[in-house]
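A.B. asks: In the order they appear, the protein sequences are chains H and Z. Here the numbering used here is used: the first residue of the first sequence is 1, the next is one more, and so on. Here the numbering used here is used: the first residue of the second sequence is 1, the next is one more, and so on.
Be aware that one or more of the hints could be misleading.
Copies of the same chain look alike in the list, so a pair counts if it works inside one copy or between any two.
What the hints assert, rightly or not - With a cut-off of at most 25 Å between alpha-carbon atoms, the simulated SDA-like pairs for lysine to any residue come out as follows:
no.	residue 1	residue 2
1	K183	E310
2	K63	R504
3	K183	G313
4	K183	L598
5	K62	G364
6	K183	M254
7	K259	A180
8	K62	V192
9	K65	S462
In case anyone wonders, no lab produced these hints; they're calculated from the structure.
Read off the chains here:
There are 2 protein chains.
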Amino acid sequence: MTEATAAQDDRDLSVTGPRRVDLQFEPAGTRVRVPPGVTLFDAASWHGIAIDSTCGGHGTCKKCKVQIETGTAPVTPLDARAFSPDELRDGWRLACRVVTSDDLRVTVPPLVTRPKAATVGVGRQVILRPAAQKRYLELSEPDLSDQRTDLERVLDAVDDLELRADLHALRRIGRVLREADWKVTAVIVDDVLIDVQPGDTTDRVCGIAFDLGTTTVVATLLDLTTGTPLAVASMLSKQQPHGADVITRISAVMLDPAKLGLLSGLAQQTLRELTGEVCGQAGVDPADVLEIAVAGNATMTHLALGIDPEPLGVAPFIMATRRWPEVLAADLGLAVHPRARAVMFPSLGAYVGGDITAGLLAAGMDRDRRTRLFIDIGTNCEIVLGNRDWLVGTAAPAGPAFEGAAIRCGMRASDGAIEVVTMTPDGLDLTVIGDAPPAGLCGSGLVDAVAELVRIGLLDPSGRFIAEDDAATVAPGLAGRLTTLGQERVFVLHWQGEPGDVARSVYLSQRDVRELQFAKAAIATGWAILLEEADLAPGDIQQVLLAGSFGSYLSPASAIRLGLVPRLPALRVVSAGNVAGEGAKMALLSMRERAGALALLEEVRYVELSDRADFNDRFVGQLPFPS
Amino acid sequence: MTEATAAQDDRDLSVTGPRRVDLQFEPAGTRVRVPPGVTLFDAASWHGIAIDSTCGGHGTCKKCKVQIETGTAPVTPLDARAFSPDELRDGWRLACRVVTSDDLRVTVPPLVTRPKAATVGVGRQVILRPAAQKRYLELSEPDLSDQRTDLERVLDAVDDLELRADLHALRRIGRVLREADWKVTAVIVDDVLIDVQPGDTTDRVCGIAFDLGTTTVVATLLDLTTGTPLAVASMLSKQQPHGADVITRISAVMLDPAKLGLLSGLAQQTLRELTGEVCGQAGVDPADVLEIAVAGNATMTHLALGIDPEPLGVAPFIMATRRWPEVLAADLGLAVHPRARAVMFPSLGAYVGGDITAGLLAAGMDRDRRTRLFIDIGTNCEIVLGNRDWLVGTAAPAGPAFEGAAIRCGMRASDGAIEVVTMTPDGLDLTVIGDAPPAGLCGSGLVDAVAELVRIGLLDPSGRFIAEDDAATVAPGLAGRLTTLGQERVFVLHWQGEPGDVARSVYLSQRDVRELQFAKAAIATGWAILLEEADLAPGDIQQVLLAGSFGSYLSPASAIRLGLVPRLPALRVVSAGNVAGEGAKMALLSMRERAGALALLEEVRYVELSDRADFNDRFVGQLPFPS
């Protein structure tokens, strides 16, 4: 840690606002700050400090014993049963019963039953506590002196959990118990017994995390007992033919209500095919998939669930709901376990959807003491600023430039797309996806091309190509590429066909540059307004996370050069990867992280840009590139 | 009330055992006793004392104000917000927050919003508080300054309830709100928003109570806002061709597991057709049926839900569960509101099923201070003894005699069945169902015939027909009817065909008498053992309730004559009617009564007869008729 960031950290600790309690966990020495009212157990869990527990903090297993060294924690009735009077006097408490209100220093004994943990998200260590679990049971047979029902017999054997059964489990329980000679596996999701299976099937507990993108859908099959990914697959959304972006798809439904069923069906078909693919790859029986998690923007989530997205598409942009009720994978048309749950990520707003909630979770935005700027770049660009004490977010209408849609030689990031462009005054160098001949320009290539042209000086700060005469002086090796196509000035990135055949070349037009300027101005206006809301300067941002399928591929240097992100040392701008998918994984691996996603709804203050009188003015001010 | 019963009542009040608190409600002067821990509000509700409330005792409406006159009730945080310090000092409290521990005398103010009540069950006054309800809402339109989601907007308008929505409601909410110009009806079952309907549909809240009998299924369509029955229909169970009784049907499934699907489908088809019939009769849209209740024995309930009943049919007689999870009417194949709930009555035991739980609820067995004996007579006979302080129950295998199955001229209680028989030494009188010529003998006719023959003296107390020579002396007008058919002695009830053609007559055979003796001995052994368990004599029973489709038609005098019920003044033996169906109605009309049915599971102590070493011995002792 540099001196500068250490000083920054100290400053963060002194931030005022809603009160926090300081918890120090020994012997690790880890110090964390949480809102009063959080239990010691949760605070430890949230910060990756492992405390023994088999009940998950529900006060039933009495394993989460800790010793309070300084500070006070009242003795609860459960403590009085778990400890001797001497132990209580020495500060021993059950961590899950300690509701923090004082600063505490706590010693955590070494683990007896070691909980497994997995690293997911942006370097997040997640203690495995999936909602889906199995228990192998060897039960006694009933007789006239023990006429407990089949369900009572099973539930009594899982007495550390307070379970209820669903009808599906009851329809199977009698036959399975008897055919399996009373040796069965209880299949549990959350507090529901969803199935009883013959024999010991505890090694087969799987889940699928879906990143339900507008363009691309990614599925990751996870072994929930170990946190290991078993298979990954992705495909273009089958909704693509009905519109490249959410607005087009919403419009389609507005014009023809019958399209709702069609689009909903296509979303579900995409999820279904991916499910088949990841299960096939890993040799996993789909019936062993007990839970899925879906991180998608509000429109995609509405459509996948068969909910009319029309109110999302027109002012005042209203969602059906922010939090989703209990949804089954079957409600999404998936043929996994018939009672598998579907965790649908909640939305912060109509344009800050479940994908962003998942991304913020994966990025640990609500846990990190550093002030960070999270930017998910796409047609709609979601921006969140803050640290563990406060978060403020907005959505900026960036338009389709990054998807390549309004760009003359634009294309999606697939084989043949130029994704990296570097220039010197004497020439240029292209990196093309798939080792194919260049066929077009994807988003990151577009950003690079414009950024390099600005850096070299062939584009002036206002975004205009300089005069051809000046170009020969500024960049002799590139000047020949600056030409015209019809009325429009263009810069040729790659010649193909006859030399001088501009029409068949891969080029960047003056209008393309304008499109990118509009996109970047919208984004920059967004984070500038958030900084202003937080009363911070750009230099106060300690890290910029570029997220999303486009953002993660973007060159930080180019992003800074264009003013897409605040002017900061390039090392502070990092790619966060597919954070939506990572968040979905975290929700499957940990009930606590899942709760964290819900908590984000309360923690992020949403700033609506579209009703700000100063938006257009500020937008125009952000159009030029930084000089 | 006679002096004897008044004394009896006083004695009951002094019964020791689990402690009770005494509550006296003024100005009505009603005195009730409840277990400590019951809230004042519930105690009042359970005993038909109306206290103002719109939230149903959840502490949100602050309407259930009462004044404590004597005894103490601590001030809760909610009381402190609902009352001034002066009022608190004067004993004002919210009845739903008063957890009783002391004896209390309480004044209940007159009602402001008069709750409606309905009389159902055995003279039970039930305050209407159905789980299914509707609320008409006129909502404000969203704008950029009020971007609450559609769901939040609806839930905020129903702020006296803490609701969650289900996916079905979310799939409709957006379109309905906008098409209905924000004037909608929220459709609620329990704490779930199951639908949003355009306009004001609050006058259409219906439910169907099903008495799911082994032989006959009865459906009652209720208006849940008024408690009024709108239509009633009944039909023979479509399972009939696969066995007249539950054991035959269980055996069918044991021999051929494919029969489970068949029988389950037939049960559901029966319910479905009845639903169509009652809705058609009343002109009610099935989609306005928001909840159904099903009271059936354990086997019928298992079968209707598609659960293998095999473990119910063989020792040690194990149910899948006693309490049912959330079941939808759709799980039973019913095309009512797609999210309508199905309240499945819980079973006390494999042979004391949901029909009995419903019956006990309707009879108020858990509320009445009198010690009563509840007997549901059928192939399997359920018997419960007790009062509001204690209940003990059992099931006795009475066999099929009452259904007419093992009786030579037996038939079901349909047109042509002899249902009443009276005799003098000079002749006999028959009442036949449907004004048809006598075709056979139904259960009540069988009981009457045997009872009358015993009374007249043509059957001796051991159950044998007396010698033909003696008959001419004992009953000169009847002696000609005592004859033989083949080897067997018979008594002809009705000649048809040629005079003297015994084979074509309607008669009662010696073997028929034996069948009835076996049935009555099983039942009498049952209640005798229960009396012994309770340390009571037959004379301590203040009322005998004859329940079930057969029991309700039985002549109390004949039942006493045969020893089917204890020897008591005939006025103490009353017909309770179709208590299972009444209980199902009560569950639909009142959430409190529904909770009462669940509480019965804890309150009734079950005595298993089949593992008692003394059963056979006592059974033999009960074979003779009382002399």
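A.B. asks: Could you place K183 and M254 in one of the four classes (within, between, both, neither) given a Cα distance threshold of 25 Å?
C.D. replies: Classified as between; 22 Å across copies, 55 Å inside a copy.
A.B. asks: At 25 Å max between alpha carbons, let me know whether K63 reaches R504 within a copy, between copies, both or neither.
C.D. replies: neither (70 Å within a copy, 79 Å between copies)
A.B. asks: With 25 Å as the alpha-carbon cut-off, assign the pair K183 and L598 to within, between, both or neither.
C.D. replies: neither (38 Å within a copy, 30 Å between copies)
A.B. asks: Since the copies are identical, ignore which copy is meant and state whether K65 and S462 lie within 25 Å (CA to CA) inside a copy, between copies, both or neither.
C.D. replies: neither (64 Å within a copy, 72 Å between copies)
A.B. asks: Give the relationship of K62 and G364 under a CA distance limit of 25 Å: within one copy only, between copies only, both, or neither.
C.D. replies: neither (29 Å within a copy, 42 Å between copies)
A.B. asks: Given identical chains, is K183 near E310, meaning Cα to Cα at most 25 Å, within a copy, between copies, both, or neither?
C.D. replies: between (51 Å within a copy, 19 Å between copies)
A.B. asks: Pop the pair K259 and A180 into one bin, within, between, both or neither, using alpha-carbon distances up to 25 Å.
C.D. replies: For K259 and A180, the Cα distance is within 25 Å only across copies (21 Å; inside one copy 48 Å).
A.B. asks: Tell me, please, which holds for K62 and V192 at an alpha-carbon limit of 25 Å: within, between, both or neither?
C.D. replies: within (22 Å within a copy, 34 Å between copies)
A.B. asks: Go through the copies and call it for K183 and G313: within, between, both or neither, with a Cα cutoff of 25 Å.
C.D. replies: Between. Shortest inter-copy distance 22 Å satisfies the 25 Å Cα cut-off; intra-copy 54 Å does not.
Going through the hint list in order, the structure does not satisfy hints 2, 4, 5, 9.
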